[in-house]
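Just need the whole structure built from these sequences, with the hints factored in.
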Amino acid sequence: MKRLRRRPRNLRRIAEKLAESVEAENAAVKSEKASVESKLRELGEREEDFESLGSYIEERAIGVRKVEEELAGKRKELEVQEKEIERKREELEERLYRFQNRAKGLEVGRIVPGGGDSSSVAE
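Read in numbering that gives the first Met the number 0, the sequence shown has 96 at position 97, and its numbers run on one by one without any break.
Note that these hints are calculated values from the structure, not bench results.
Because the structure is a prediction, the values reported are computed rather than measured.
Every residue gets a Cβ at the ideal spot worked out from N, C-alpha and C, and that includes glycine.
Don't take every hint at face value.
What the hints assert, rightly or not - Have a look at the derived ranges for each label pair, beta carbon to beta carbon:
| # | residue 1 | residue 2 | range |
| --- | --- | --- | --- |
| 1 | L10 | V35 | 33 to 39 angstroms |
| 2 | Y96 | E68 | 41 to 47 angstroms |
| 3 | L17 | G53 | 50 to 56 angstroms |
| 4 | A33 | V63 | 40 to 46 angstroms |
| 5 | L42 | Q80 | 51 to 57 angstroms |
| 6 | E92 | V63 | 39 to 45 angstroms |
| 7 | Q99 | R59 | 53 to 59 angstroms |
| 8 | E81 | E106 | 34 to 40 angstroms |
| 9 | E36 | V63 | 53 to 59 angstroms |
| 10 | E81 | G104 | 30 to 36 angstroms |
| 11 | E46 | R12 | 49 to 55 angstroms |
| 12 | S54 | L91 | 54 to 60 angstroms |
| 13 | A23 | A60 | 36 to 42 angstroms |
Written out as structure tokens, the structure is:
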């Protein structure tokens, strides 16, 4: 009879230990679940950060393209201005060359001020 009485106590102890073990396991699972949820939230925040960073990069790229287009337009304007300056320089060099030749002609006496040359005056 004594054995029958001990078994319920042993069963109670075993049941209590199992209950404690299950509670400890539940606490560990809850802790792990909280940790995983925290990591998921963190990853979600990082994903949002990456998305906002991606948007920022896209905006900056658009800005860079606009600046590049503006620079290309200004470069073309400068090329046109350079060509115009070169044309004017050549024109001025030609005028200077003609003026110098005319001045040399005056020194020699071939060109008479007022038009014509010295041969038309002699006639």
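Hints versus structure:
A beta carbon spacing of about 36 angstroms between L10 and V35 agrees with the range 33 to 39 angstroms that was offered as a hint. For the pair Y96 and E68, the supplied restraint of 41 to 47 angstroms holds, since their beta-carbon distance comes to about 42 angstroms. Separated by about 52 angstroms at the C-beta atoms, L17 and G53 satisfy the suggested range of 50 to 56 angstroms. The beta-carbon spacing between A33 and V63, approximately 44 angstroms, falls within the hinted interval of 40 to 46 angstroms.
Take L42 and Q80: their Cβ atoms lie about 56 angstroms apart, and the range 51 to 57 angstroms holds. At about 42 angstroms, the CB distance of E92 to V63 agrees with the hint of 39 to 45 angstroms. Against the hinted window of 53 to 59 angstroms, the Cβ-Cβ separation of Q99 and R59 comes to about 58 angstroms, which satisfies the hint. Judged by the Cβ atoms, the range 34 to 40 angstroms given for E81 and E106 holds: they are separated by roughly 37 angstroms.
Between E36 and V63 the beta carbons are some 40 angstroms apart, a value that contradicts the proposed interval 53 to 59 angstroms. The beta-carbon spacing between E81 and G104, approximately 35 angstroms, falls within the hinted interval of 30 to 36 angstroms. With their beta carbons about 50 angstroms apart, E46 and R12 fall inside the hinted range of 49 to 55 angstroms. One distance hint, 54 to 60 angstroms for the beta-carbon pair S54 and L91, holds here, with the actual separation near 55 angstroms.
For A23 and A60, the hinted distance range of 36 to 42 angstroms is not satisfied, since their beta carbons lie about 55 angstroms from each other.
In summary, the structure is inconsistent with hints 9 and 13 from the numbered list given earlier, while agreeing with the others.
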